[in-house]
Every structure is written in structure tokens, then in C-alpha cells.
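Position chain B against the provided structure of chain A, taking the given hints into account.
Protein chains in written order, with the UniProt record's numbering: chain A, 1 to 413; chain B, 1 to 435.
It is possible that some hints are incorrect.
Below, in silico cross-link-like pairs of lysine-lysine (BS3-like), each with a Cα-Cα straight-line distance of 30 Å or less [what the hints assert, rightly or not]:
| hint | chain 1 | residue 1 | chain 2 | residue 2 |
| --- | --- | --- | --- | --- |
| 1 | A | K254 | A | K268 |
| 2 | A | K232 | B | K149 |
| 3 | A | K186 | A | K120 |
| 4 | A | K254 | A | K232 |
| 5 | A | K232 | A | K16 |
| 6 | A | K268 | A | K232 |
| 7 | B | K149 | B | K162 |
| 8 | B | K17 | A | K16 |
| 9 | A | K320 | B | K17 |
| 10 | A | K120 | B | K73 |
| 11 | A | K120 | B | K277 |
| 12 | A | K186 | A | K171 |
| 13 | A | K171 | A | K120 |
| 14 | A | K268 | B | K162 |
| 15 | B | K277 | A | K254 |
| 16 | B | K277 | B | K261 |
| 17 | B | K149 | B | K17 |
| 18 | B | K73 | B | K277 |
| 19 | A | K232 | B | K162 |
In short, the hints are calculated from the structure, not lab data.
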Amino acid sequence: MDIQIRPILVALRRHKAGTLLIALQIALTLAIVCNAFFIIHQRLANLSQASGVDEGDVFVIANYWADVNRSTEQVDAQVRADLIALRQLPAVLDTTPASGYPLRGGGWDNFVTMTPDQVKPTTDAAVYTGDEHFIDTLGLNLVAGRNFRPDEVTAMGTQQAITPSTAIVSKALAERLFPGGNALGKSFYAMGTTPSTIIGIVDPLHRQGVDSWSNSYAGQALIWPLRADDSKGIYYIVRARPGQLAAAMRDAPKALYAQNRMRIIDPKDGIQSYAEIRHRVYDSDRGMVILMSVISVVLLAITAAGIVGLTSFWVGQRRKQIGVRRALGARQRDILSYFLTENLLITGGGVLLGLLLAIGTNLWLMLRFASQPMPMVYLVVGVLLLLLLGQGAVFAPALRASRVPPVEATRSV
Amino acid sequence: MFQYYLDLAARSLRRNKALTALMVLAIALGIGASITTLTVLHVLSGDPLPGRSGVIYYPQIDPQDLRGMSPSKEPPSQLTLIDGMNLLHAARADRQALMKGGEVPIQPEQSALDPFYVDARYTTADFFAMFGTPFRFGHAWSAADDEAKARQVVISRDLDEKLFGGANSVGRTLRISGTAFQIVGVLDHWQPNPHFYDLNTGSYAAGEQVFLPLQTMIDLHLSRDGSNDCWGNGGGGTDTLLPADTCVWLQFWVQLDSPAKVEAYRQFLVHYSQEQKALGRFQRPPNVRLRSLMQWLDYNGVVPDDVRLQTWLAFGFLAVCLVNTVGLMLAKFMRRAGELGVRRALGASRRSLFAQLLVEAGVVGLVGGVGGAVLALGGLWLVRQRSSDYASLAHLDPSMLLTTFVLALGATLLAGLLPAWRACQVAPALQLKSH
Chain A
1 MDIQIRPILV
11 ALRRHKAGTL
21 LIALQIALTL
31 AIVCNAFFII
41 HQRLANLSQA
51 SGVDEGDVFV
61 IANYWADVNR
71 STEQVDAQVR
81 ADLIALRQLP
91 AVLDTTPASG
101 YPLRGGGWDN
111 FVTMTPDQVK
121 PTTDAAVYTG
131 DEHFIDTLGL
141 NLVAGRNFRP
151 DEVTAMGTQQ
161 AITPSTAIVS
171 KALAERLFPG
181 GNALGKSFYA
191 MGTTPSTIIG
201 IVDPLHRQGV
211 DSWSNSYAGQ
221 ALIWPLRADD
231 SKGIYYIVRA
241 RPGQLAAAMR
251 DAPKALYAQN
261 RMRIIDPKDG
271 IQSYAEIRHR
281 VYDSDRGMVI
291 LMSVISVVLL
301 AITAAGIVGL
311 TSFWVGQRRK
321 QIGVRRALGA
331 RQRDILSYFL
341 TENLLITGGG
351 VLLGLLLAIG
361 TNLWLMLRFA
371 SQPMPMVYLV
381 VGVLLLLLLG
391 QGAVFAPALR
401 ASRVPPVEAT
411 RSV
Chain B
1 MFQYYLDLAA
11 RSLRRNKALT
21 ALMVLAIALG
31 IGASITTLTV
41 LHVLSGDPLP
51 GRSGVIYYPQ
61 IDPQDLRGMS
71 PSKEPPSQLT
81 LIDGMNLLHA
91 ARADRQALMK
101 GGEVPIQPEQ
111 SALDPFYVDA
121 RYTTADFFAM
131 FGTPFRFGHA
141 WSAADDEAKA
151 RQVVISRDLD
161 EKLFGGANSV
171 GRTLRISGTA
181 FQIVGVLDHW
191 QPNPHFYDLN
201 TGSYAAGEQV
211 FLPLQTMIDL
221 HLSRDGSNDC
231 WGNGGGGTDT
241 LLPADTCVWL
251 QFWVQLDSPA
261 KVEAYRQFLV
271 HYSQEQKALG
281 RFQRPPNVRL
291 RSLMQWLDYN
301 GVVPDDVRLQ
311 TWLAFGFLAV
321 CLVNTVGLML
331 AKFMRRAGEL
341 GVRRALGASR
351 RSLFAQLLVE
361 AGVVGLVGGV
371 GGAVLALGGL
381 WLVRQRSSDY
391 ASLAHLDPSM
401 LLTTFVLALG
411 ATLLAGLLPA
421 WRACQVAPAL
431 QLKSH
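Next up, chain A with everything else stripped away, as it sits in the complex (with noise of 0.2 Å):
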């Protein structure tokens, strides 16, 4: 097939307006389509995270007590009682006291040294604090080590700074403070002034927030062996039997109340499963990934109407001239040929453009937006879809074109 570029580009000259806002409309698509898909591609990185979390049957009660003023022995000895009654309960498996929650959306954190007295932290950590029943009620991954022992975990008091002795950390941390070496039986401080040692490591565990800040501290967390007596409230974390998760969830709540009524619990979202814990923590992201697959595919398709109706102005102009190829020997597919080529060179045009437009937004993303470099296998993609976009959609202007009979060049209009 020989085809003529040269009187291609002749003619484009004649439409040069027409030309120049396919292609710039084509590169501002590429620029936007493929920034859009790297981030839809982060963002559902980010909701596919890994929490430890052995998230099918783990649910978490948010339970406030309505009489502030006990004490924290009054409050450890009513904690312990709703743990044998939830325990107790047959669709119930296993449950934990806790602070805080994996994809909480935010809780406590605390810097990690290596001694006390040491000015820069070492890293951060996020704090999590439970019974010898934690790792086991979460389904977390103990990889090392052992898990807490009855006899090490105690009580903490409203607003008391309790450090144990033993810790359990997540694998990303262990290794963080001990690069290489084995973590077991070392010890770190986390801003406290006696040490904690580490007699366990679970991976992987994450934080409790899924903020950006963070991120440089991602799977970093520390379990302590305490029951958090806060006058306030405490969670419950539940794990049910396989399958038994409704039930257990209807429930757990009937037994804490009838232990002791002088709880609250919130009806509306003081239980709350894993699936909703993590729908609730991520729906900016998702509201990101579904804005951003939205736009891109109303984009893309604009612009193939964009390119049709151009395209097929274009051949409804010039077919008296079609005509005049068809009847000096033109064969359809010459016609055909001629519209596509056309169209993949002010596609590729545009494309070029779009190139450093992508990487200029990318750029701008970075400086304004703390945004990751783009990986060059987003501008080959967006390149090859918009280069078939254009051709898929100059197509039925393009056959129309073709068809067009050679008896026109002979009508006037």
C-alpha cells in the first residue's frame, strides 16, 4: 500500500484550525488520561492494603461508659467481666481491649528511640494495646517470637503513661530499629523512660491512620500488653466464628448490655465490621478512583465525538474531490487509507504535545500536590489508546468517504 503523505499534509494546511484543535484537544486528553490513571492506580493500591487483619469475621464495638467518675479498678473489673460475657457468647470466637484499631482513621502514635535520652527519634510508630488475646482475636501473622503471656498485661488508667516491659512489634518496625539483625530480646524506647523488649514480631500489621504523612512510617506499629481502663470507653475487638459474623454482631451488644446497662454503645455506627471500617477509612480514595475513571472515560469519548464529527465534516466537504480520486482510480481502500493516515498524523501530532504536557502535569503534581513520579508505562499506554482512538473513530467517516461514487466528481455541489 503506497501512501502519500505528502498531499496528506498539503491538504491539512487548508484546514489548519480544524488540524491544530484536533491535536491540541488530543494532547490535553493524553496529559490528563494519563495522570488519571496513575493516580487511579495509587489510589486502589492504597484501598487493596493489607491491614494483618484477618478481616472476614473481626468486628469492633465502640463502647463508652455513661458513668465517667470510676475508678480505673471499678472500670478494669467491669472490662474483664464484658470480655467473659462476649467470650461466652456461641457465634463469639475470641475478643480483645483495645485503644485503638488497625484503619481506625487516626490514634495514637508515639516516637521510637533507641535510648532514652535521644534527642531525634528514630522513626514512629502507631501504639496499639490489647490482652494475650489481641494477635489471636485479629488473626495477625506471629512470625517471630511468642505472644504475650497472661501475667504481662495490666492495666492502664485515664490518661496514665503505662510503658511494659514487653512489646510485640510488626515486621516493618523490628526491622526499622534492628536493619538486618534479629529484633527478639532487644529493646527500644517509645517515649518513656524505661525500655520496652521486644518478645514478638507479627507482619504485617498497619496503622492506624491511612493518611499521606505518614506513609514514610507505613507497617510500622507496636503492640503493648495493656487493658486501656479509660474512665471514657474502650473498644471491643470481636472475632466471630467463620461465617457466624451477623449473628455475633447482634449479639455481642445484647450481652455487654445485659452484663451492665450503664454503657452506650451508638446504635447507628458504634459496631462497625472490618468491611466497614475499611469502606469508612478509604472513601477519599475511592471517591478519587471513581471521580478520576469517570472523567477519563467521558474525556476519551468526547474526544472520539469530537474527532467524528470533525472527520466528518471534513468529508462532507471535500467530496466532490473524493470523487475526482475515485474516478481517475482511486479504489476505496486508497480513500480509506487516506483518512486514517490523516487522522494518525494529527494524532500523533497531538500526542507528541500530549507527551510533555503528561510529564509537565506530573511534574506540577509533584511540586504542588506531593505527588509520586509518573512511571513511563502510563505515557505508552495513554499514547497507543489515544492513537487507537483516533483511528477507531475516524473509521465511519473514513468508510463513508470510501463509499462515496465517482460519479460525484461530474455533479456541481
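Relative to the frame of chain A, chain B by itself:
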């Protein structure tokens, strides 16, 4: 003449329905997306205290020790209790209030209602007058009540409706966290957005149900919420119910009615810092800030980055839609070269052809604007279905509705300029000859 052009525009648009529909749709989609995201941005970056925010300021001082110091470092964003009380009692501003957020259990007298938790604001007397809170019944407590640690409370209209069916509950008793409080005031609806006076307890759609004296909270050890930043060995210590003196945890706002007073207050803060340094409490050289309310919101980056990013994205989208419309309009206008040539030959000036084509573009813009407004309403409905704290605020107000049409009309007229100009360049003789 305008009517005639409108008629011509309607005829022309009807003649080529697919192309017209495509143009209108592109404008509508672009405008719909832009207005949806712009409305969210507009709501989130709005002035929480219209007409008042200009005289409200947030003083910052730096009581930290010398560790971890860098020259450009901003002072902490809150105050220690000592400094807060000192600045409050100095009373150098026209009005001032020290405050902290919390959550308290309400124990209703009616046994039909279970106890429940509400957000509380512990503050000082000027809070209400300074922020201009509307009172439905009663009034605020006085500065004397602050010092007396009075068991007095101002409640929100929502709480009044929940507990007392909306009746005037001033003088009645409310049990908060086991203590009897006397209701002295009931606020009318008041929910400044953003929740500027304490951004640590939710930036949007956050509102307290009870307001009571800060000193009373300290006296009763009521529970506190929000941020608490410590340095040195300040960690709250063991079993102390208040944060240590090396912790900042209180917000302090002042009202300064004139630029001279603002400058004087800034001097006062420097002076205070020097004095505290001389006393040995402060270690750093005076490091003070006095930001206005809107500057404070800006400094704290209160509008989420995602919202800004989405707005940029939507306007990029609108740009593509406009380029698309320019191309389609060009095709449409050029196709009418013959008709335009006839009009020129019959005596119409270039100017009137230009006007005629712009009217046509304007009609497309208006119809696209209507479509865009409908799409924006749908888009905002979708935004409200989300669980972000600001989701419930996303509503189209009259000013944004006006913006929709101005933007749609302006953008389409702009898009029509080039095609209309090109179409006016037709040589009438040439057009007439070939037909």
C-alpha cells in the same frame, strides 16, 4: 435584531441536531464537572464567620525548650495552660477566649432516654460575643462565672430539642458527667464551617452540643479531645489529669478591632515572651505569630488536597470540552459559508454576521449551562452520599448557580470567537459564484 439572530440560531441548531447535541453535551459535561468540584471547594474554603472574620486573630507564642530548634520554625499551634491563662487574664484584646474540646456523657432526667455522649466545648465567657453566636434563649455566662468555676452550661438548639422538645430550658438542670449544671443559654443553629476555632476536632460539619466554662472542666476533670503536643519530658506524667506545663493543648482566640490594635497585640506577645524568658520559663527568643482567621485556615491547609486536585482535574476536563466545542463550531459555521455569503452580498456587515454567530454560540452555552447545572446537582448529590466529614455540606447555593451560567456562557462565547471570526472572512462573491 437580537430576536432575529436568536431565530436564525434556533433554525441553524435544529438543522444539524447531532452536531448541536454533541456541542451542548460537551459543554454540559464540562460545566457540570467543574461546578460540582468548584462548589465543594467553595464550601470548604468559605468564611466561617462572614462579616466578623476580619477582626478575629489567633496568637501563637513559643514556650518550647531549645532542643530541635531551627531558625524558621513555626511556634506551636496551641498554648500551654499557664500561657493561656496569662494571656486571658492580661485581657489586652477587645475580646479573648481560651478553649478546649471534649466529649461528655449527658444523663437525661427522663428515664425514656439512655445516657449519650455529646461533643463539648470548654471555653471562657467572651467566646459567644466574640464569635457572634446566636442565642435562642438566655445568654452566655460571665467572666466572674469563669473564675467561680460555675456549674453553668450553654446548650445547642439540637440538644434543647432532644431533651426539652425545643422549649425554653434556661434555668433547668442538666446532668453532665455526673454533675448537675444549670442551663443559662440555648444557642440557635450555629455551625461555622470550617470548624475554625479547633481544627483538631474535625474540620467540617463538627459542632458542639454543650459549652461550659474551661475552669469548670479543669475542676471536674472532664474528658478532653483534640491534640496535645509535649516536648522535653512532658508526657502528662503518671496519673495527672491535666497535661504537663510542657504541653500545648489549648486554643486561644482574640478579637482586635483595628490594625493599630493588631500591631499593639503583636508587640504585647513579643513583650510577654521576653518577660517569660527573663523569668526562665521560656528558653527561645520571642517567636510569635498573629494570624487572622482566614490566614490561620490557610496556614493549616484546611481544604483537603484531594478536593483541590479534583477541581484542577475538572477544569482540565472543561478545557478539553471547550476545545472540542471550538472544533465542532468551526465545522458548523464553515459549512454555512454559502448562507453567510448570501447575507454578506445582501448588505449585512461582517460585524452583524459575527454577532449572529456569537448569538448562536451563546444559545449553545445557555442550553449547555442548564444541562451543566442539572449535572452539577446530580454530582453534588453523589458527593453527599460519601462518608467524608464535609460530604453533607455539598450544596449548590445561588451564587454558585449564577457562576454556572456565567461560566457556561462565557466559556462558549470564548469558544465561538475563533469559528465566528473565521466564518466572517468568507468572500461573498466566491461563495455566490460556486453555487
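Evaluation of the provided hints:
1. A:K254 - A:K268: holds, 15 Å
2. A:K232 - B:K149: holds, 22 Å
3. A:K186 - A:K120: The given pair, whose Cα atoms are some 20 Å apart, holds under the 30 Å limit.
4. A:K254 - A:K232: holds, 20 Å
5. A:K232 - A:K16: violated, 72 Å
6. A:K268 - A:K232: Between K268 (chain A) and K232 (chain A) the Cα gap is close to 19 Å, so the pair holds against 30 Å.
7. B:K149 - B:K162: holds, 27 Å
8. B:K17 - A:K16: holds, 26 Å
9. A:K320 - B:K17: holds, 24 Å
10. A:K120 - B:K73: holds, 16 Å
11. A:K120 - B:K277: holds, 25 Å
12. A:K186 - A:K171: holds, 14 Å
13. A:K171 - A:K120: It holds: about 22 Å lies between the C-alpha atoms, which stays within 30 Å.
14. A:K268 - B:K162: OK: K268 (chain A) and K162 (chain B) at ~17 Å, within 30 Å.
15. B:K277 - A:K254: Violated - the C-alpha atoms of K254 (chain A) and K277 (chain B) are around 58 Å apart, more than 30 Å.
16. B:K277 - B:K261: Holds - the C-alpha atoms of K261 (chain B) and K277 (chain B) are around 24 Å apart, at most 30 Å.
17. B:K149 - B:K17: violated, 74 Å
18. B:K73 - B:K277: holds, 18 Å
19. A:K232 - B:K162: OK: K232 (chain A) and K162 (chain B) at ~22 Å, within 30 Å.
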